[in-house]
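Colleague: Please build the complex by placing chain D on the supplied structure of chain X, with the hints as guidance.
2 protein chains.
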Amino acid sequence: MRRSMSETFRPIARTPRGFADKRAADLRAERRIIEAIAEVYERCGFERLDTGAFEYADALGKFLPDSDRPNEGVFALQDDDEQWMALRYDLTAPLARFSAQHWETLPKPFRRYAVGPVWRNEKPGPGRFREFIQCDADTVGSARPEADAEMIAMMSQGLEAIGLQPGQAVVKINNRKLLNGLLSAAGVEDAGQRLAVLRAVDKLDRLGPDGVRHLLGEGRKDESGAFTVGARISASAAERVLAFVTAGQPDRAGTLSSIAEAIGGSAEGDEGLEELAKIDAALTSLGVGADRASFDPSIVRGLEYYTGAVFEAELLLDTTDERGQPMRFGSVGGGGRYDDLVARFTGERTPATGFSFGVSRLIAALRAAGRDSAEKARGPVVVIAFDQAAMAHYFAAAGELRAAGIAAEVYLGTSGMKAQMKYADRRLSPAAVIMGGDEIAAGQVTIKDLDLGRELAAGVTDNQAWRAERPGQVTVSRDELVSVVRRIVDAG
Amino acid sequence: MRRSMSETFRPIARTPRGFADKRAADLRAERRIIEAIAEVYERCGFERLDTGAFEYADALGKFLPDSDRPNEGVFALQDDDEQWMALRYDLTAPLARFSAQHWETLPKPFRRYAVGPVWRNEKPGPGRFREFIQCDADTVGSARPEADAEMIAMMSQGLEAIGLQPGQAVVKINNRKLLNGLLSAAGVEDAGQRLAVLRAVDKLDRLGPDGVRHLLGEGRKDESGAFTVGARISASAAERVLAFVTAGQPDRAGTLSSIAEAIGGSAEGDEGLEELAKIDAALTSLGVGADRASFDPSIVRGLEYYTGAVFEAELLLDTTDERGQPMRFGSVGGGGRYDDLVARFTGERTPATGFSFGVSRLIAALRAAGRDSAEKARGPVVVIAFDQAAMAHYFAAAGELRAAGIAAEVYLGTSGMKAQMKYADRRLSPAAVIMGGDEIAAGQVTIKDLDLGRELAAGVTDNQAWRAERPGQVTVSRDELVSVVRRIVDAG
Chain X
1 MRRSMSETFR PIARTPRGFA DKRAADLRAE RRIIEAIAEV YERCGFERLD TGAFEYADAL
61 GKFLPDSDRP NEGVFALQDD DEQWMALRYD LTAPLARFSA QHWETLPKPF RRYAVGPVWR
121 NEKPGPGRFR EFIQCDADTV GSARPEADAE MIAMMSQGLE AIGLQPGQAV VKINNRKLLN
181 GLLSAAGVED AGQRLAVLRA VDKLDRLGPD GVRHLLGEGR KDESGAFTVG ARISASAAER
241 VLAFVTAGQP DRAGTLSSIA EAIGGSAEGD EGLEELAKID AALTSLGVGA DRASFDPSIV
301 RGLEYYTGAV FEAELLLDTT DERGQPMRFG SVGGGGRYDD LVARFTGERT PATGFSFGVS
361 RLIAALRAAG RDSAEKARGP VVVIAFDQAA MAHYFAAAGE LRAAGIAAEV YLGTSGMKAQ
421 MKYADRRLSP AAVIMGGDEI AAGQVTIKDL DLGRELAAGV TDNQAWRAER PGQVTVSRDE
481 LVSVVRRIVD AG
Chain D
1 MRRSMSETFR PIARTPRGFA DKRAADLRAE RRIIEAIAEV YERCGFERLD TGAFEYADAL
61 GKFLPDSDRP NEGVFALQDD DEQWMALRYD LTAPLARFSA QHWETLPKPF RRYAVGPVWR
121 NEKPGPGRFR EFIQCDADTV GSARPEADAE MIAMMSQGLE AIGLQPGQAV VKINNRKLLN
181 GLLSAAGVED AGQRLAVLRA VDKLDRLGPD GVRHLLGEGR KDESGAFTVG ARISASAAER
241 VLAFVTAGQP DRAGTLSSIA EAIGGSAEGD EGLEELAKID AALTSLGVGA DRASFDPSIV
301 RGLEYYTGAV FEAELLLDTT DERGQPMRFG SVGGGGRYDD LVARFTGERT PATGFSFGVS
361 RLIAALRAAG RDSAEKARGP VVVIAFDQAA MAHYFAAAGE LRAAGIAAEV YLGTSGMKAQ
421 MKYADRRLSP AAVIMGGDEI AAGQVTIKDL DLGRELAAGV TDNQAWRAER PGQVTVSRDE
481 LVSVVRRIVD AG
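Listed in order, the protein sequences are those of chains X and D. If you use UniProt numbering, the first sequence corresponds to residues 1 to 492, in order. If you use UniProt numbering, the second sequence corresponds to residues 1 to 492, in order.
Just chain X, with the same shape it has in the complex:
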């Protein structure tokens, strides 16, 4: 049966799948995080850059769309001049495009940060959104390992700026060149085998060394009986890989020595080692100790794309999943060196390094760290609207409070006193202002302390002790309105 498109067609009010509405409390947390992190980036000399939501699909790099599957992974559409455009799926691809477009006129190295939504056309699920906010910093045009070190330092300072102390989160660092060098030295040159090695190493956390050993060799059967074909490198090569990925030590210098032993000699490996040594030195100069940034040879950080240092910020706190089971929280952000992205446009290799924080991951991490309630939600003072004829008095009162910097409003519905008080309570108002006919005639105003009411209701305060100094409701001279309300707001 075809749906009738007549006047009475009523669409169902619903949020598109994988998209979320965000209310004031969440947005306050989000804004606080973004501002704290942006301040770190700016203090480090990064300038903000915003690009549009769309990029031409050919510039995104991930794919060139074909007309059969234009939406593979991204939200794409064809413009009226037939060009395919897609919503950005990260903030790095637009930076690469921008850098290539303006390279001649940019101050170099180009240091920029970016904050904004990205869109991924993936299957949504609980906690899996198709739109989320990233917060990136990148340096384009510097091959120096110190540029990587600065990224790591900024990640660490960002975590601290939002309230995660050393010991609660750490940045783990690795370098792609190390494992590549080791594999070259061990004679593993096949690209497919190398990818399989990376995939196996990426599972160290979950499967342990024995599981990874199987995946480096012939393969592994999991509990369900499913078999994963392994990388099929030699047993001796596998042992060298395992020795490498488990070479992490509590301090960076110690890890550097263990790694040097584990990777044996190869030009690429030595290069990676030298880069890590320089990163260590720069981090130390910047005051970032091993409790905040450590070397960890098991960090893989995605499979392709990165060409040197990689880093990942991880929450160290014990957390639990929805069913109360302990779980590893995992990454809140990461990045690395990618020297090939700008070259897609220009043909010239342009060294670049950067990282991304996922803002909703950071919010979840703060929640896990018990730092969720940092900011108490607060509504406006509500001026009760008793009498249509007295609206001028109510607006004057609200206007005075606003002019004094106190959020205030006149109730503008049509309900009675009781519903208005309930409204004020639901808005989390600190106080209600009541001006009945008698009060107006007497030049007075009644102020009800709603914060106190909520505290009493929650059993937070000792009823009697508080009653003395916070009587719940006072009638004062009209010209004391602002000072009395301010006292309640400040006490809250």
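Treat the hints as calculated values from the structure; they're not laboratory data. Treat the hints with care, since some could be wrong.
Claimed, not checked - When the alpha-carbon atoms are kept at most 20 Å apart in a straight line, the in silico SDA-like pairs for lysine to any residue are as follows:
1. X/K448 x X/V489
2. X/K123 x D/Y56
3. X/K422 x D/L106
4. X/K22 x D/Q101
5. D/K422 x X/T105
6. D/K22 x X/A38
7. X/K203 x X/S331
8. X/K418 x X/A403
9. X/K278 x X/D339
10. X/K278 x D/Q388
11. D/K123 x D/P107
12. X/K418 x X/D387
13. X/K123 x X/S360
14. D/K418 x X/T105
These numbers come from a predicted model, not from an experiment.
Modeller: What follows is chain D alone, placed relative to chain X:
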């Protein structure tokens, strides 16, 4: 010839048509405006709400897409479950959807503000973008004219908060019911004729009363000879319309009297008049005088959609176009009462009122008001990188400056001293920090005042007088680094 998709395919780095990259200086202006306006909204008791970029197309209301023209006016695409989604083209449609979806559980009236990009799939041109930022406030669930008055007061306070004084901008107010009532009284009931009357009135500014008189009657031939068919209402009705639209007086009470005379008697007109009187009273209570918000019966504000009060914020300054010709700047934002939008979903009429500022219009207005350079662009202090072996010293210096709240960076390129100084200058750095081998050995640091250099170059300062207290370059003890740099930064 088909383009080869081989390894060497290089996409051209380009911004999609109608989309813009925004650099730090523009973003600072944008952020300052948004923060100032959001503070006004919050002080008035509005809570922020963010919705996702997409809405289901049927919820947008403007159209139901057909597969032939899915992109008519909006950027639309079909989700993998076959539902059409479109990027929001304003912030009101998502609010209507949200309100309908959550009406039962919302505190009512629901007061929310929203800030974010909207997308319009229209032909781009110079200054015409397909993505721009709006800044809205709306109250859903209050039919009171005082709710409209509050919107008008917030527009006015928003303009003032960003730096436009009374006299530089004004909010003009009208009510749809007045003209509707007048037309009913004059016997003009045909919807097409009424629309043509609105269109004619909307041109009063450009054509003057005589031009509008023609458009109300048979029609009008313009300079090019093109003929526009008129509304074809009677001459007496036309005169009544003209008397109404030109009834504006310098003060609101005066305009109310003139309007009352002009519209004659009709239930709808009287309702509109009564609403305006209440808006006047509330504005007066809120301290918003006629210099900041005036009644103007010629304001039309779009053709459909609004059901009562309409308002428009207008820049009053004389401005010039790109060719230096004087031009009317026009609207920087507007809104009105729309009581039918939520009903699209629920079937129940839900009174609502609100408005929108266009942030890029506000930036342009501030520029026209000569308030563009309020914030001086400022780069980070640059620590010159002389010697690879001394990087630890450079990073320690940058780290100290950052810890003191001063933006700083170590130069991370590979160029020599001269290029590094040029880099610092292009970044608009206040100072460069120079630590050569001798200085490091002697426990000293050289600081170059780049602000001064730029001022001298621009001829802003008297060379000799300044040389005495700002010598351009000083070598001081290493532990004076922060204090000397701070002095330069504070002087800038």
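Colleague: Would you mind marking each hint as holding or not holding in the structure?
Modeller: Structure-based check of all given hints:
1. X/K448 x X/V489: holds (12 Å)
2. X/K123 x D/Y56: Holds, at roughly 17 Å.
3. X/K422 x D/L106: With a Cα-Cα distance of about 12 Å, the restraint between X/K422 and D/L106 holds, given a limit of 20 Å.
4. X/K22 x D/Q101: holds (14 Å)
5. D/K422 x X/T105: This hinted pair holds, its Cα atoms lying about 13 Å apart.
6. D/K22 x X/A38: Holds, at about 16 Å.
7. X/K203 x X/S331: It holds: about 14 Å lies between the C-alpha atoms, which stays within 20 Å.
8. X/K418 x X/A403: violated (28 Å)
9. X/K278 x X/D339: Holds, because 18 Å separates the two Cα atoms, which is no more than 20 Å.
10. X/K278 x D/Q388: Measuring from Cα to Cα gives roughly 10 Å; hence the hint holds.
11. D/K123 x D/P107: This hinted pair is violated, its Cα atoms lying about 40 Å apart.
12. X/K418 x X/D387: holds (14 Å)
13. X/K123 x X/S360: Within the cut-off at roughly 18 Å; holds.
14. D/K418 x X/T105: holds (17 Å)
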